[in-house]
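*Asks:* Protein chains in written order, with my numbering: chain A, 854 to 1130; chain B, 251 to 550.
Take the hints with a grain of salt, since some may be wrong.
[As the list claims (entries may be wrong)] Some residues of chain A that are not near chain B, with every Cβ distance over 10 Å (derived):
#1 I879
#2 L898
#3 P904
#4 F916
#5 Y925
#6 M945
#7 E954
#8 T968
#9 A973
#10 T992
#11 A1050
#12 M1065
#13 E1075
#14 K1076
#15 Y1090
#16 T1124
[Unchecked claim] A few chain B positions that, by computed beta-carbon distances, are all more than 12 Å from chain A:
#17 A283
#18 N391
#19 K478
#20 I488
#21 A522
[Stated by the list, open to error] With a Cα cut of at most 30 Å, we get these calculated DSS-like pairs of lysine-lysine:
#22 K923(A) to K1039(A)
#23 K261(B) to K1117(A)
#24 K959(A) to K538(B)
#25 K511(B) to K923(A)
#26 K514(B) to K1076(A)
#27 K478(B) to K357(B)
#28 K309(B) to K323(B)
#29 K538(B) to K989(A)
#30 K439(B) to K1076(A)
#31 K261(B) to K1039(A)
#32 K959(A) to K1076(A)
#33 K1046(A) to K323(B)
#34 K989(A) to K511(B)
#35 K309(B) to K439(B)
#36 K905(A) to K956(A)
#37 K323(B) to K1117(A)
#38 K302(B) to K538(B)
#39 K1076(A) to K455(B)
#40 K959(A) to K478(B)
Hints in this document: simulated from the structure, not taken from any laboratory. Predicted model only: the values in this text are computed from it and were never measured. Yeah, the Cβ is synthetic: ideal placement off N, Cα and C, and Gly gets one too.
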Amino acid sequence: MMRTRRTGAVVLTYLCLVSGAICCLIPLLWLVRSSLMSTEDMFKLPLIFFPKKIRFQNYAEVFTMVPFAKFYANTIFVVTFNILGALISNLMIAYGLTRIEFKGRKLMFSLSIGTLMLPAYVQLIPLFIEWNWFGKINTFFPLIVPAFFGNAFFIFMLCQFLRTIPRDFDEAAFMDGANYPLIIVKIIFPLAKPAMAVVAIFQFMFTWNDFMGPLLFLNDREKFTLAIGIRTFISTYYTPWGVLMAAATLTILPLIVLFFSAQKFFISGLTLGGIKG
Amino acid sequence: MTGAKMGFNTKRQTLWGWILISPLCLGLTLWVAFPMGLSLWTSLTEWDMLSKAEFVGLKNYITIFTEDELFLKSVRNTLYFTVLSVPLQMIIALGGALLLNTQVRGKRAFRTIFYLPSLIPIVVSSVMWLWLFNSQYGLINYLLHSVGLNRVQWIDSRHMVIPSLTIMNIWNVGNIIIIFLAGLQGIPKDLLEAVEIDGGRYWHKFRFVIIPLLSPIILYNMIVNMIKCLQLFVEPYIMTGGGPVNSSFSFVLHIYNNAFKYGKMGVANAMAWVLFILTLLISLVIFKTSCHWTYYEGDR
């Protein structure tokens, strides 16, 4: 009796997990499948599950129909500077907040965490007005510069991490005549490499996926990033579905590669950032 | 005093502290405080970004609530989406995490697969689901039809469009599963064993150990997700344009249209402030009621 109940529970567990996994994967597989089909084949009933004639041409057309290579280059450009900015600013800030004792640091930490609660979209219009005053609309500046001022999520995560490094390291360095910038570069940065990797990876993902920023700040098609570039395929009159799916696949490819090569950093980033409130 | 030992007097230490966190201070001023102030001021004016702004007091706020029918509709739609999405997300994520926390084989593989959808940029998933939801050529209806069920109009139906967006939203619940799973793994084994020794069933473990210890994590993720849901924008923008008959017209979409389509900066900012206050109020309510169901180690 007990035995059968156990087995039943185990079977049910696997059933749930496997069906969950199928639900997660099918949309993605369907995306890839559709990206290899001609539009005529996609609009045939009954549905063709696997394309009989694989159409790689969709992938070529992605690059000829719109300046997709340019979108790619723009995205990589913006992402690179965002990562650079995030690495420098957040480590500096987190060091200052955790390892130097001075009045006001607790308040600044709380203020920074408080911004996590702000709905980002509330600030978007005034930010647009602000960048318009600076005369930087339709440039990459609004998409890059803010990364150099720290991000509450990363600051919180790095603060948690830096607290685990013993202070003796800093003190020993001071004995040898080092100063704060030197300590950060020579001692803290090497020790914090795993945490920095998490920052870099998540910043990559945030920037790569950002839709609202480029939508507001970029006007010329030549300057588009991938996220808004995809939209150029959709039109009320004619949407080349196969090509659109190919473009979508090409957009997520780097993310998937990154995820599989650096999975442990994704997991540790999520658990560090999401567990403590 | 560590500073003194380090050969730094407190003054220099303070100076270095502020230097190091100066990007944070500047950032909070430039990208948070100033925009918020600017937004508040603009919300009290009539301004199209071209001519000079004209101060009109609370007129925009009054207009929103009295003359703008779409506004109330957009609030309703957004709240509907949030109320549907957040609890479902929490329940499914908790269920998934509990299942993964048993002794199953291939735990890592499941974890990887569940996380995969969270990687996908929202614009890509919008395009992808637009195709999946297609009422004639979409996979979902095809599968429903092939097992003998009726086709559903999904995003083409006034009643199904928000539930459809919710399904899409639940698809990428994987990151919360992983967060909950990590929380579950942090629960001390001896507490669970104590329940077993007292003759408790799984339900008792769940009710008296797992839920209390996980409650702060649930609370945090609930609020973060609620804030995200209230900002629903990209999906309706890409997939439905707010339709059919404005039934997926979201709050942020309304703000966006007012600001960048109609050039009504004042009205748009007033709406943004209403959204902000609404978000704060809901968070506050969740926080206030949370003391009944959250448990923090160390306090009784």
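*Asks:* If a hint holds in the structure, say so; if it doesn't, say that too.
*Replies:* Hints versus structure:
Interface exclusion of I879(A) from chain B breaks down, the closest Cβ pair being 7 Å apart, not more than 10 Å. Distance check on L898(A): its Cβ comes as close as 7 Å (rounded) to a Cβ of chain B, failing to clear the 10 Å threshold; non-interface status is violated. With 10 Å as the threshold on Cβ separation, the claim that P904(A) sits away from chain B holds: the shortest Cβ distance comes to roughly 14 Å. The beta carbon of F916(A) is kept farther than 10 Å from every beta carbon of chain B, the shortest such distance being approximately 17 Å.
Every beta carbon of chain B lies more than 10 Å from that of Y925(A), the smallest distance being close to 14 Å; the non-interface claim holds. The Cβ of M945(A) sits about 5 Å from the closest Cβ of chain B, inside the 10 Å cut-off, so the non-interface label is violated. The Cβ of E954(A) sits about 6 Å from the closest Cβ of chain B, inside the 10 Å cut-off, so the non-interface label is violated. A cut-off of 10 Å between C-beta atoms contradicts the statement that T968(A) is not in contact with chain B; the least separation is 6 Å.
The claim that A973(A) lies off the interface is violated: its Cβ sits roughly 7 Å from the closest Cβ of chain B, which falls inside the 10 Å cut-off. No Cβ of chain B comes within 10 Å of the Cβ of T992(A); the nearest lies about 17 Å off, and the non-interface call holds. Every C-beta of chain B lies more than 10 Å from that of A1050(A), the closest at about 16 Å, which supports listing it as non-interface. Once the 10 Å rule is applied to beta carbons, M1065(A) is inconsistent with being away from chain B; the minimum gap is 7 Å.
Against chain B, the non-interface label of E1075(A) holds: every CB pair exceeds 10 Å, the least being about 19 Å. Against the 10 Å criterion, K1076(A) stays outside the reach of chain B, whose nearest CB is about 17 Å from its own CB. Every Cβ of chain B is farther than 10 Å from the Cβ of Y1090(A); the closest lies at roughly 15 Å, confirming the non-interface assignment. T1124(A), annotated as away from the interface, has a beta carbon of chain B within 10 Å; the closest lies near 4 Å.
Remark: the non-interface label on A283(B) conflicts with the geometry, its nearest Cβ contact in chain A lying 9 Å away (cut-off 12 Å). With a closest Cβ-Cβ approach of about 10 Å to chain A, N391(B) is found to fall inside the 12 Å limit, against its non-interface label. Residue placement check: K478(B) does not keep its beta carbon more than 12 Å from all beta carbons of chain A (closest about 9 Å). Not every beta carbon of chain A lies more than 12 Å from that of I488(B), the smallest distance being close to 7 Å; the non-interface claim is violated.
Under the 12 Å C-beta cut-off, the non-interface status given to A522(B) relative to chain A is violated; the minimum distance is some 5 Å. With a C-alpha separation of about 38 Å, the suggested pair K923(A) and K1039(A) falls outside the 30 Å cut-off, and the hint is violated. For the hint pairing K261(B) with K1117(A), the CA-to-CA distance comes to about 41 Å; that exceeds 30 Å, so the pair is violated. Taken as a hint, the K959(A) and K538(B) pair is honoured in the structure, with Cα atoms around 24 Å apart against an allowance of 30 Å.
Straight-line distance between C-alpha atoms of K511(B) and K923(A) comes to about 27 Å, which keeps the hinted pair within the 30 Å bound. Taken as a hint, the K514(B) and K1076(A) pair is honoured in the structure, with Cα atoms around 26 Å apart against an allowance of 30 Å. Proposed proximity of K478(B) and K357(B) is supported: the alpha carbons are some 28 Å apart, at most 30 Å. Restraint check for K309(B) and K323(B): the C-alpha separation of about 20 Å stays at or below 30 Å, so the hint holds.
Restraint check for K538(B) and K989(A): the C-alpha separation of about 43 Å exceeds 30 Å, so the hint is violated. For the given pair, K439(B) sits about 54 Å from K1076(A) by alpha-carbon distance, which is inconsistent with the 30 Å threshold. Restraint check: the Cα-Cα separation between K261(B) and K1039(A) comes to about 24 Å, which is no more than 30 Å; the hinted pair holds. In summary, the hint linking K959(A) to K1076(A) is not supported, as the alpha carbons are separated by about 41 Å, beyond the 30 Å threshold.
Note on K1046(A) and K323(B): the hinted pairing is violated, with a Cα-Cα distance of about 49 Å set against a maximum of 30 Å. Of the supplied pair hints, the one linking K989(A) and K511(B) holds, its CA atoms being roughly 20 Å apart against a limit of 30 Å. A distance of roughly 60 Å separates the Cα atoms of K309(B) and K439(B); the hinted pair therefore is violated under the 30 Å criterion. Restraint check for K905(A) and K956(A): not satisfied, since their Cα atoms lie roughly 69 Å apart, outside the 30 Å limit.
With a CA separation close to 43 Å, the supplied pair K323(B) and K1117(A) exceeds the 30 Å bound. Between K302(B) and K538(B), the direct Cα distance comes to roughly 43 Å. Violation of the 30 Å bound is thereby established for this hinted pair. Annotation: proposed proximity of K1076(A) to K455(B) is violated, straight-line Cα distance about 55 Å (limit 30 Å). With a CA separation close to 27 Å, the supplied pair K959(A) and K478(B) stays within the 30 Å bound.
Of the hints listed earlier, those the structure fails to meet are numbers 1, 2, 6, 7, 8, 9, 12, 16, 17, 18, 19, 20, 21, 22, 23, 29, 30, 32, 33, 35, 36, 37, 38, 39, in rising order.
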